Structures are given as C-alpha cells and as structure tokens.
Amino acid sequence: GAVVSQHPSWVICKSGTSVKIECRSLDFQATTMFWYRQFPKQSLMLMATSNEGSKATYEQGVEKDKFLINHASLTLSTLTVTSAHPEDSSFYICSAREGPSVVAQHFGDGTRLSIL
Amino acid sequence: RKEVEQDPGPFNVPEGATVAFNCTYSNSASQSFFWYRQDCRKEPKLLMSVYSSGNEDGRFTAQLNRASQYISLLIRDSKLSDSATYLCVVNINTNAGKSTFGDGTTLTVKP
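Note that the protein sequences, when read in sequence, are chains A and B.
So for the first sequence, our numbering puts the first residue at 4; every next one is plus one.
So for the second sequence, our numbering puts the first residue at 811; every next one is plus one.
Do not rely on the hints blindly, as some may be mistaken.
Stated by the list, open to error - Mimicking BS3-like on lysine-lysine, the simulated pairs with C-alpha atoms at most 25 Å apart in a straight line are:
1) K58(A) x K69(A)
2) K920(B) x K67(A)
3) K908(B) x K67(A)
4) K920(B) x K44(A)
5) K23(A) x K855(B)
6) K58(A) x K908(B)
7) K855(B) x K69(A)
I should point out that these hints are in silico values taken from the structure, not numbers from a laboratory.
These figures come from a predicted structure and were not determined experimentally.
Model the full structure from these sequences, guided by the hints.
Quick look at the structure:
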C-alpha cells in the first residue's frame, strides 16, 4: 500500500533554531501534500497545502514566513520551522494523496518537535 | 459551529461490547467521508471510507445519512486493541481539496 515517510521522527533543540522536516511519498507521486500540527489532546490542525512546483497555500493564522514549505519534487515536501520557540513544540504530521482523484490521505509517522 | 462535529467521549466499554460513534457535518455539498483511527502519539491511519449504501469491514460498519448529514461507525465485539481515537473526516470535493477532520472520539476498551 501507499507509504509516506517522514523524517526526523523526534527533534529536540534550543530556542531560535530552525528545524527542517521532510515528507516523502515512497511508492507514488504526490502532487499535493498536507502539513498538520497537533497539540496534546487536541485535533489535527491543517497548516498548509503543499503543491508541487508552486507556492504552498496556508491556512488562516499560519505564518508563511515562520513555516516555510517547499515541494520541489513529486515525492518530497519539506516544512522548515524557522527560529523555533517553545510554543512551536508540537506533533507535526504530513499527508499525501496517491493521485488527484484519490481523496483518502496517507499520513507520515509524524515528527515530535520539542523546543527547549 | 464546527464543520465536522464528534462526541469527544471518552467511551469506556468492556471487551466484547458494541459501540457506535456519530459524526455530523455542516456542509451539504460534502462528497467524501472517512473514518481514521489514531493511536496515542501516532499518526492517523485510514480505517475505512464511508459510502451512501453503507459498508462493512469485519467488525466495523460505517454508514452515511446524507439527509441528516451524519455518518456513523459501529464496532462490534470490541477488542482491547480497538482502544484509540476515531476521527471523522469529510471532503467537499472528490478531486483534490483539503479534508476537514473532526476532533475525534476516544474509545477505551477494558478487559
């Protein structure tokens, strides 16, 4: 079945550091990927829609200069949390669809980000 | 009002019990519906799609009521391993477009 790989799975770093998270579709091409954030005991919050070869579409309230998204190929999207602070600590999850007509999403394993 | 609403629970049931979750959605133009399962500190995994005719996968049955704008998930003969958070997901478009997730319903199955 479709597999989405996310790396790293866990990051602990100091405040002010920028952190890059990779999301790869391993056995299919994903023109669209999604980035979510989930705080403890809360629901998934869509941050942005990543489109291959074009700019990402950010949800209201998500700072595009803070959360940089690059979708340079059909199998890779990256999310960079710039100058991360403790309030950015969260569980970041990406997802992808197998094709434009496939609605169900496959999720990466998630990245647990802890900013000290 | 949220676009997708679920009873957060928690639902605490004994092994072998039957439990049902409901989910309501506000946009009548919604086209695609899913149930996902999320274990603690893990990513969501697709459990099943939901079709107008209803569909069954083993102990799990999903149904859609377009007129009342709700979907349901029925779990029969609950297992300890069914303990998780169940997320209701709705899409307006069948092609592309973002999904809207409910907040999830937490199920704990006890021995």
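Each hint, compared with the structure:
In summary, the hint linking K58(A) to K69(A) is supported, as the alpha carbons are separated by about 15 Å, within the 25 Å threshold. Using a Cα cut-off of 25 Å, the hinted pair K920(B) and K67(A) is violated, with the two alpha carbons roughly 44 Å apart. Under the criterion of a C-alpha separation no larger than 25 Å, the hint pairing K908(B) with K67(A) is consistent with the structure, at around 18 Å. With a C-alpha separation of about 20 Å, the suggested pairing of K920(B) with K44(A) holds against the 25 Å cut-off.
About 24 Å separates the Cα atoms of K23(A) and K855(B), which keeps this hinted pair within 25 Å; it holds. Restraint check for K58(A) and K908(B): satisfied, since their Cα atoms lie roughly 16 Å apart, inside the 25 Å limit. A threshold of 25 Å between alpha carbons decides the hint, and for K855(B) with K69(A) the separation of about 28 Å lies outside it, so the pair is violated.
In this structure, the earlier hints numbered 2, 7 are contradicted, and the remaining ones agree with it.
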